[in-house]
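Visitor: One-letter residues, chain by chain:
Number of protein chains: 2
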Amino acid sequence: MGEHTVTSFDEDLGHIDRLIRDMGDLAGAMVSASIQALVQSDNALGQRVVSDDAIMDARQRELDERAITLIAKRQPMAQDLRAVVGAIRMAGDLERIGDLAKNIAKRVSAVGQSATPRDLAHSIEAMSGMVLDQVREVVDHYVSRRPEELQALRAADEKIDVKYTAVFRELLTYMMEDPRNITACTHLLFCAKNLERIGDHVTNIAENAYYVMTGKQLPLNRPKQDETSMTAPAA
Amino acid sequence: MGEHTVTSFDEDLGHIDRLIRDMGDLAGAMVSASIQALVQSDNALGQRVVSDDAIMDARQRELDERAITLIAKRQPMAQDLRAVVGAIRMAGDLERIGDLAKNIAKRVSAVGQSATPRDLAHSIEAMSGMVLDQVREVVDHYVSRRPEELQALRAADEKIDVKYTAVFRELLTYMMEDPRNITACTHLLFCAKNLERIGDHVTNIAENAYYVMTGKQLPLNRPKQDETSMTAPAA
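Chains A and B are the protein sequences, given in the same order.
With the first sequence counted from 1, adding 598 to any position gets you our numbering.
With the second sequence counted from 1, adding 598 to any position gets you our numbering.
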């Protein structure tokens with residue numbers, strides 16, 4: 599990283615893309631481990647997710663510094679500038695995904711062993727599976743420069759929102775059935791909400807990636823996310 | 599914003615600072631209105647906060663574009679580059695604060711009229727008052743370049759976290775007392791959590807502002823935020 603570098607702009611950008619890929623891999627691993635820790639009450643695994651977050655933060659700082667140096671050094675115009683700024687934004691969303699996974703992991707001990715009924719664990723695992731697929735795919739499509747796939751991906755976020763609303767209702771029902779479930783269920787509520795928010799960050803990444811590749815905004819055909827603000831519990 | 603501008607770097611940065619100030623004012627107004635709407639069940643006011651968020655997003659885009667153009671055009675070194683990148687990050691946190699206020703506002707109708715007992719409304723208003731002071735002060739200290747004040751500000755975030763834990767317990771208690779409170783209280787739980795997260799964004803802004811002004815990191819003497827992941831309800 600001396601002053602007199604002989605790399606081309608594309609090589610510099612390629613390096614930034616590799617950092618995006620690394621951050622995406624780490625984000626996926628953190629989401630997956632956090633839900634596994636939650637469902638299996640595995641405190642040690644939860645702790646690992648918490649410490650992974652420091653690695654994620656360091657990666658983001660590295661990417662930011664490289665990107666800003668690249669802009670200052672090369673003064674890229676239009677499309678190239680868009681690519682670098684897009685990478686900074688995507689890294690920001692990936693870092694937030696790691697943060698949300700950490701937040702889930704921190705709730706493992708509060709939820710405890712006994713509190714998660716089988717059905718509920720299934721619902722949350724199913725939701726996290728959907729979210730995880732999204733995280734992996736969005737990074738793949740970006741790195742492989744596949745703009746048309748990103749559109750389908752954003753539409754899939756609606757399914758996550760529907761699933762979240764179902765989990766939300768399910769949790770309220772458990773709380774109403776037995777007040778002893780309330781503490782654990784409120785923590786699970788935050789976990790489910792965090793998964794839903796991870797889906798929103800994937801949508802942000804898809805939008806940024808599409809803009810980087812095409813210079814256009816993804817068509818706005820997406821209904822609003824979290825519908826639980828209108829939701830009463832299942833009867 | 600033609601190619602041949604005669605403004606100085608400091609003028610350009612001054613313009614960016616004014617945008618930060620505007621975003622800070624808007625963020626404060628949104629937080630204040632969202633809590634007022636929540637406590638008074640004022641759906642129309644809640645709706646205004648939701649639409650204010652679009653203004654916030656537009657301001658952030660404007661700031662980002664100006665900042666990136668400034669970097670590309672002037673290739674600032676060290677301290678100047680730090681100031682511009684710091685402004686981009688602070689704008690990102692202010693936009694997130696607006697987003698969290700919007701999220702509170704969207705819950706106004708779900709919480710409904712009858713559900714908020716007087717005491718609880720008081721607690722949430724008290725918490726939001728603390729958060730609001732923080733939002734206003736951090737922007738003031740940044741714009742007036744007062745690094746030493748930022749340190750005190752960050753310490754004050756601990757008080758918000760303590761307050762959040764108290765509100766969390768209070769909400770769990772209401773839910774356990776009467777299952778009919780559960781739906782409204784879960785929405786209030788998310789509102790309180792959002793206030794706590796606004797406090798975290800203020801901390802991020804304080805850290806960035808301090809770094810912009812001094813080139814140093816704020817000393818790390820801050821204990822961890824949300825302690826509710828360890829919390830059982832009040833007896």
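Take the hints with a grain of salt, since some may be wrong.
You can't tell identical chains apart in this list, so a pair holds if it fits in one copy or across any two.
No farther apart than 20 Å at their CA atoms in a straight line, the calculated lysine to aspartate or glutamate pairs in the DMTMM-like style are these [what the hints assert, rightly or not]:
{"no.": "1", "residue 1": "K671", "residue 2": "E747"}
{"no.": "2", "residue 1": "K814", "residue 2": "D662"}
{"no.": "3", "residue 1": "K814", "residue 2": "E663"}
{"no.": "4", "residue 1": "K700", "residue 2": "D620"}
{"no.": "5", "residue 1": "K671", "residue 2": "E609"}
Everything labelled a hint here was simulated from the structure, so no lab data went into it.
Visitor: Hint by hint, note whether the structure agrees.
Guide: Do the hints match the structure? See the list:
For the homomeric pair K671 and E747, neither the shortest alpha-carbon distance inside one copy (33 Å) nor that between copies (35 Å) is at most 20 Å. Within a single copy, K814 and D662 get their C-alpha atoms only as close as 24 Å, which misses the 20 Å cut-off; across copies the closest is 17 Å, which meets it. In the homo-oligomer, the alpha carbons of K814 and E663 lie at most 20 Å apart only across protomers (16 Å), although the nearest pairing inside one protomer, at 26 Å, exceeds that limit. Proximity of K700 and D620 under a CA criterion of 20 Å is satisfied intra-copy only: 17 Å inside one chain copy versus 32 Å between copies.
In this assembly of identical chains, K671 and E609 lie within 20 Å of each other by CA distance solely inside one copy; the values are 14 Å within and 22 Å between copies.
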